[in-house]
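S.K.: Whole structure, please, built from the sequences with the hints as guidance.
Residue numbers (my numbering), protein chains in the order written: chain A, 1 to 156; chain B, 1 to 439.
Think of the hints as simulated: they come from the structure by calculation, not from any bench.
One should not assume that every hint holds.
[Unchecked claim] List of simulated lysine to aspartate or glutamate pairs, EDC-like, C-alpha gap at most 20 Å:
| # | chain 1 | residue 1 | chain 2 | residue 2 |
| --- | --- | --- | --- | --- |
| 1 | A | Lys150 | B | Glu244 |
| 2 | A | Lys83 | B | Glu356 |
| 3 | B | Lys192 | A | Asp66 |
| 4 | A | Lys83 | B | Glu264 |
| 5 | B | Lys363 | A | Asp147 |
| 6 | B | Lys197 | A | Asp63 |
| 7 | A | Lys150 | B | Glu381 |
| 8 | A | Lys29 | B | Glu244 |
| 9 | B | Lys181 | B | Glu244 |
| 10 | A | Lys150 | B | Glu356 |
| 11 | B | Lys192 | A | Asp63 |
| 12 | B | Lys192 | A | Glu65 |
[Said to hold, decoys possible] Covered, in the sense of this in silico footprint (three residues per stretch, anywhere, with C-beta under 8 Å from a C-beta of chain A), are these stretches of chain B:
| # | region |
| --- | --- |
| 13 | 48-55 |
| 14 | 344-357 |
[To be verified] Cβ-to-Cβ under 7 Å is the rule here; a few derived chain B residues that face chain A:
| # | residue |
| --- | --- |
| 15 | Ser42 |
| 16 | Ser45 |
| 17 | Val190 |
| 18 | Pro207 |
| 19 | Pro325 |
| 20 | Thr329 |
| 21 | Asp332 |
By construction, the Cβ of each residue, glycine as well, lies at the ideal position given by its N, Cα and C atoms.
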Amino acid sequence: MYGKYPSVISFDRLTRPCSWEGSGISSLKVTLVSGRSLGQGRSKVIGKFSEEYFRSVAVCELDPEDIKSLGISPGQNVIITTKTGSVVVKSAIASQRSRRGVIFMPYGLWVNMLIPTETYGTGMPSMKGIEAEVAGAPDEKLMDLRDLVKSLAGGA
Amino acid sequence: MTVLSKKIFPNVICTFCGSTCDDLEVTVEGEKVLSVRSGCSSSLSKYLNYRADRNLTPLVRKNGELQETSYDDAIRRSAEILANANYPLLYGWSSTSNEANRVGIELAEWVGGVIDNTTTVCHGPTLLGVHDIGEISGSLGEIVHRADLIIYWGANPVHSHPHHIMRYTSMSTGRFRLSRKDRKMIVIDVRKTDTAKLADQFIPITPNGDYELMCALRMAVRGDELEQDVISGVPAETIEELAEAMISCQFGVIFFGLGLTMTEGRHRNVDVALSLVRDLNARTKFLIIPMRGHFNVGGANEVSAWVTGYPYAVDLSQGYPRYNPGDTTAVDVLVRGDCDAALVVASDPISNFPVEASRHLVKIPVITIDPHPSATTPISEVVFPSQIVGIETGGDIVRMDGVTIMTKTIVPAPPGIHSDVEILEAILAHVKKIKMGKQ
Numbered sequence: 001m002y003g004k005y006p007s008v009i010s011f012d013r014l015t016r017p018c019s020w021e022g023s024g025i026s027s028l029k030v031t032l033v034s035g036r037s038l039g040q041g042r043s044k045v046i047g048k049f050s051e052e053y054f055r056s057v058a059v060c061e062l063d064p065e066d067i068k069s070l071g072i073s074p075g076q077n078v079i080i081t082t083k084t085g086s087v088v089v090k091s092a093i094a095s096q097r098s099r100r101g102v103i104f105m106p107y108g109l110w111v112n113m114l115i116p117t118e119t120y121g122t123g124m125p126s127m128k129g130i131e132a133e134v135a136g137a138p139d140e141k142l143m144d145l146r147d148l149v150k151s152l153a154g155g156a
Numbered sequence: 001m002t003v004l005s006k007k008i009f010p011n012v013i014c015t016f017c018g019s020t021c022d023d024l025e026v027t028v029e030g031e032k033v034l035s036v037r038s039g040c041s042s043s044l045s046k047y048l049n050y051r052a053d054r055n056l057t058p059l060v061r062k063n064g065e066l067q068e069t070s071y072d073d074a075i076r077r078s079a080e081i082l083a084n085a086n087y088p089l090l091y092g093w094s095s096t097s098n099e100a101n102r103v104g105i106e107l108a109e110w111v112g113g114v115i116d117n118t119t120t121v122c123h124g125p126t127l128l129g130v131h132d133i134g135e136i137s138g139s140l141g142e143i144v145h146r147a148d149l150i151i152y153w154g155a156n157p158v159h160s161h162p163h164h165i166m167r168y169t170s171m172s173t174g175r176f177r178l179s180r181k182d183r184k185m186i187v188i189d190v191r192k193t194d195t196a197k198l199a200d201q202f203i204p205i206t207p208n209g210d211y212e213l214m215c216a217l218r219m220a221v222r223g224d225e226l227e228q229d230v231i232s233g234v235p236a237e238t239i240e241e242l243a244e245a246m247i248s249c250q251f252g253v254i255f256f257g258l259g260l261t262m263t264e265g266r267h268r269n270v271d272v273a274l275s276l277v278r279d280l281n282a283r284t285k286f287l288i289i290p291m292r293g294h295f296n297v298g299g300a301n302e303v304s305a306w307v308t309g310y311p312y313a314v315d316l317s318q319g320y321p322r323y324n325p326g327d328t329t330a331v332d333v334l335v336r337g338d339c340d341a342a343l344v345v346a347s348d349p350i351s352n353f354p355v356e357a358s359r360h361l362v363k364i365p366v367i368t369i370d371p372h373p374s375a376t377t378p379i380s381e382v383v384f385p386s387q388i389v390g391i392e393t394g395g396d397i398v399r400m401d402g403v404t405i406m407t408k409t410i411v412p413a414p415p416g417i418h419s420d421v422e423i424l425e426a427i428l429a430h431v432k433k434i435k436m437g438k439q
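M.R.: In structure tokens, the structure reads:
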């Protein structure tokens with residue numbers, strides 16, 4: 001879906017992402033945590049197709065040092081890849097800091113593109129603590145909700 | 001021309017999150033909400049914008065496009081889809097009333113499908129843990145009056161339940177705990193959340209480290225020696241101090257969020273949390289309460305449990321209820337591609353399910369009942385507009401601590417828009433007709 005970026009990265013024994021060595025893209029191996037944010041909760045009642053919702057949800061919060069090492073500035077787009085797939089979102093400095101290597105995305109279709117399906121017999125997929133890889137992608141376009149929903153019909 | 005007068009509704013139940021605060025004062029003029037007092041920013045956003053961005057007419061897909069249709073046509077089309085499906089999925093149920101849930105279960109019985117609520121991607125593992133261990137719970141009122149130690153574990157109420165801290169825990173005023181200084185607040189999380197910033201102590205842990213940390217804490221509470229220096233990123237001394245704080249409090253409570261249920265370990269994390277609280281009750285008084293998300297996810301569980309015996313993920317395809325999370329849960333049913341139709345009530349699975357589950361949803365006919373357009377409405381076969389529970393229609397709901405509350409109607413619904421209960425009853429009546437005709 002995103003041109004020069006590998007759409008699904010290879011995984012070592014299905015758990016750890018291998019880096020994109022050789023592709024010439026500087027990336028980081030990270031742990032992805034999804035969750036509720038005030039902006040997501042507030043804007044979803046304004047409307048799922050509203051500008052507020054888009055701005056609140058198509059976002060990834062990173063440690064400022066991580067943003068620096070990706071060679072981008074905050075607000076530029078990043079591409080995040082897990083064994084399930086990839087998605088482009090806007091980067092932001094995490095106001096609720098974790099440690100380096102932990103990234104946060106609010107619940108929504110953008111992060112869902114990255115969530116693996118296994119529920120290990122519980123019905124609950126892993127929506128926090130997912131192995132992922134992130135790279136700066138300032139030239140890649142953000143998809144809005146309508147386009148992203150349309151892309152679902154297209155398959156993997 | 002009618003002259004509209006302002007009306008003030010006191011003690012309105014907020015139907016946003018599982019805290020269901022009951023202290024809103026809403027001023028309305030006709031169908032317009034003029035102001036909301038005492039609400040958090042989420043409830044303000046919900047009440048002031050309730051009329052913006054609504055589904056206003058029933059829609060049915062014709063020649064690939066969603067087109068306006070009559071209410072009766074949409075009912076007929078929905079009943080046909082459900083009655084002719086082999087294994088439909090009936091999903092959602094947490095943002096509507098208990099009454100709607102009851103009709104939904106009867107419908108699931110008639111169409112022989114699986115009925116699952118949003119618990120499945122929320123506190124589902126919590127319920128599995130409770131089946132194993134049991135839970136020591138209490139009402140939020142008890143916590144307001146008595147709790148002197150409040151622990152939030154893997155939960156960020158400042159963002160998810162904005163008034164929880166103020167109304168029910170650290171910053172509330174109770175009979176025996178008068179102010180913030182009478183209570184200790186500890187937050188355990190992978191991020192220094194805005195909740196953590198309000199705490200007396202923040203304990204950062206490594207992602208997916210909850211199980212080990214909780215086991216170590218259990219050992220420390222029992223007086224066993226910890227052999228490792230650092231567990232899940234937390235020094236052993238901090239764990240011992242935390243254990244001491246828990247034992248020495250008069251009345252403690254753990255509120256836990258999806259930081260336990262969505263990470264590695266899932267229901268096993270909850271098992272050990274419930275066991276820890278059981279151990280603590282040998283030494284002091286301690287409760288544990290999950291931070292339920294949607295305003296009536298508790299009701300969806302309660303109604304399902306009293307009608308079918310199981311709180312979620314109930315398969316009625318055999319004519320009797322079966323419950324096997326991991327098999328009869330919505331995500332698994334969708335990922336396996338088992339269901340051939342879906343009814344979505346007051347929910348947006350496309351925004352909340354992993355992409356593989358959504359890809360199956362796109363392939364099958366979906367009927368959506370929702371006041372607002374969502375990511376699920378564009379892929380639907382039939383879309384019903386509906387009344388918003390707690391604003392345009394009443395109904396019973398269940399708060400996160402299991403207390404049942406009656407919501408109010410404060411403004412009239414847009415003309416021609418029915419409640420979830422009315423829509424579901426109409427579909428059910430039509431389904432019965434089709435099924436009886438077949439026999």
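S.K.: Work down the list of hints and note, for each, if the structure agrees.
M.R.: Hints, verified against the model:
no., hint, result
1, Lys150(A) x Glu244(B), "violated, 54 Å"
2, Lys83(A) x Glu356(B), "holds, 12 Å"
3, Lys192(B) x Asp66(A), "holds, 17 Å"
4, Lys83(A) x Glu264(B), "holds, 17 Å"
5, Lys363(B) x Asp147(A), "holds, 17 Å"
6, Lys197(B) x Asp63(A), "holds, 17 Å"
7, Lys150(A) x Glu381(B), "holds, 15 Å"
8, Lys29(A) x Glu244(B), "violated, 37 Å"
9, Lys181(B) x Glu244(B), "holds, 19 Å"
10, Lys150(A) x Glu356(B), "holds, 14 Å"
11, Lys192(B) x Asp63(A), "holds, 12 Å"
12, Lys192(B) x Glu65(A), "holds, 16 Å"
13, 48-55, "holds (count 4)"
14, 344-357, "holds (count 9)"
15, Ser42, "holds, 5 Å"
16, Ser45, "holds, 4 Å"
17, Val190, "holds, 6 Å"
18, Pro207, "holds, 4 Å"
19, Pro325, "holds, 4 Å"
20, Thr329, "holds, 3 Å"
21, Asp332, "holds, 6 Å"
Checked against the numbered hints listed earlier, the structure breaks hints 1, 8; every other hint is satisfied.
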